[in-house]
Amino acid sequence: MPHIEAEYKDGFVLSELEQDDKSIYEEGRNTFYDILNKLPEADHGPMVRLSLHVPKQKLDIDWTSVPDNAKPIRFKTYAIERNFATGETSDPMLQKIVFGYEYLDPETKMNVQKVQEIK
Amino acid sequence: MASTVSWSEYNGATPTITGSRTEMNLKNIDDSTTAYSSSPITAGNNSYTKYQSAVHAGTYNTLSSASYTMSVAGGSLGTGLTLVGGVKTSYTTPATTASGDSTVTTSAMTANFNSSSTGVGTGTSTYTTAGGVYVNPLRLQLQTTTSAAPGDTTSETITYTWTES
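Listed in order, the protein sequences are those of chains A and B.
Letter 44 of the first sequence, counting from 1, is numbered 44 in my numbering, and no numbers are missing.
Letter 87 of the second sequence, counting from 1, is numbered 1087 in my numbering, and no numbers are missing.
Note that these hints are calculated values from the structure, not bench results.
Honestly, I wouldn't trust all of these hints.
A few chain A residues facing chain B, derived, Cβ under 10 Å [stated by the list, open to error]:
id, residue
1, Ser23
2, Ile80
3, Glu81
Ranges between beta-carbon positions, derived for each pair [said to hold, decoys possible]:
id, chain 1, residue 1, chain 2, residue 2, range
4, A, Val115, B, Ser1125, 50 to 56 Å
5, A, Lys56, B, Ala1043, 51 to 57 Å
6, A, Asn37, B, Ser1125, 57 to 63 Å
7, B, Ser1147, A, Glu88, 29 to 35 Å
8, A, Glu81, B, Thr1042, 42 to 48 Å
9, A, Leu59, B, Thr1146, 33 to 39 Å
10, A, Asn37, B, Ala1013, 40 to 46 Å
11, B, Thr1154, A, Asp91, 20 to 26 Å
12, B, Ser1117, A, Glu81, 23 to 29 Å
13, A, Val54, B, Thr1105, 29 to 35 Å
14, B, Thr1157, A, Leu59, 32 to 38 Å
15, B, Ser1065, A, Thr108, 26 to 32 Å
16, B, Thr1016, A, Ser15, 39 to 45 Å
17, B, Asp1152, A, Asn69, 55 to 61 Å
With the Cβ distance kept under 8 Å, some of the chain B side facing chain A (calculated, not the full set) [stated by the list, open to error]:
id, residue
18, Asn1025
19, Asn1061
20, Ser1155
21, Ile1158
22, Thr1159
C-beta atoms are modelled at their ideal positions from N, C-alpha and C, and glycine is treated no differently.
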């Protein structure tokens, strides 16, 4: 199952899979919310790695080498199919993941995205 | 895991919203309980308009890019049958009068995320508040002519697509 994990300076790893995609800080939110809002950093130091696990592949971003103002990007697009008459509904089908980061270029003042799309 | 999705139906003038709907058959009555076989649409008449929303729950950071897409087995409902509809931000009591909506095609119909209590409203294309949220409803109506054949129509499938972070 595709999932992300973030590693912090003290070695703590926050895994979307292990947390069942639930925030450990805020009700109703998911693991990515924690990562995006830097919630683990108060206890574990700055993020040093952000990874996406997909079947037979792991994409790593060395977070120590990205610009200081970088923010993680992870979008998942899903579809469900539903038969009108029977109501038979599929499980959510993952169609694509967009993964990477974005930052504001201090010189151009433009938002720069470095992302990969995985289908 | 993804956020969870269920379906809710709107009936009556207020409207009353019924959650966890398991079918969306078009029929000759405005309710979410009567079997379609007990209130069939007779040839030459229209079904009651039907409003149903996708409803998200579970955990997420943001929700965006919601859309509904219809597909019909074989590409056509058959002679004398036309499915019309569209995404709605306002609500009128379901009726059999022609809704005025366009014929539904296989093109995606984009929708917004509205609120935790109803999909009726303008809403927003990207939803950032935690908790359950209704998507704008899809309103559908089956319009028939006297040349429509009796019996069930061909199978129809609705695909609901969204992006979450």
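Here is how each hint holds up against the structure:
1. Ser23: Cβ of Ser23 of chain A sits 7 Å from chain B, so the hint holds.
2. Ile80: 5 Å, holds
3. Glu81: 5 Å, holds
4. A:Val115 x B:Ser1125: 50 to 56 Å: Because 20 Å falls outside the window, the suggested range is violated.
5. A:Lys56 x B:Ala1043: 51 to 57 Å: At 55 Å between Cβs, range holds.
6. A:Asn37 x B:Ser1125: 57 to 63 Å: 21 Å, violated
7. B:Ser1147 x A:Glu88: 29 to 35 Å: 30 Å, holds
8. A:Glu81 x B:Thr1042: 42 to 48 Å: Hint violated: Cβ distance 30 Å, outside 42 to 48 Å.
9. A:Leu59 x B:Thr1146: 33 to 39 Å: 60 Å, violated
10. A:Asn37 x B:Ala1013: 40 to 46 Å: 43 Å, holds
11. B:Thr1154 x A:Asp91: 20 to 26 Å: For Thr1154 of chain B and Asp91 of chain A the Cβ distance comes to about 24 Å; the hint holds.
12. B:Ser1117 x A:Glu81: 23 to 29 Å: 27 Å, holds
13. A:Val54 x B:Thr1105: 29 to 35 Å: Hint holds: Cβ distance 33 Å, inside 29 to 35 Å.
14. B:Thr1157 x A:Leu59: 32 to 38 Å: 33 Å, holds
15. B:Ser1065 x A:Thr108: 26 to 32 Å: Given range 26 to 32 Å: holds, Cβ gap about 27 Å.
16. B:Thr1016 x A:Ser15: 39 to 45 Å: 42 Å, holds
17. B:Asp1152 x A:Asn69: 55 to 61 Å: 58 Å, holds
18. Asn1025: 6 Å, holds
19. Asn1061: 4 Å, holds
20. Ser1155: 7 Å, holds
21. Ile1158: At about 5 Å, which falls below the 8 Å cut-off, the nearest Cβ of chain A leaves the hint on Ile1158 of chain B intact, so it holds.
22. Thr1159: 5 Å, holds
Violated hints for the displayed structure, listed by number in ascending order: 4, 6, 8, 9.
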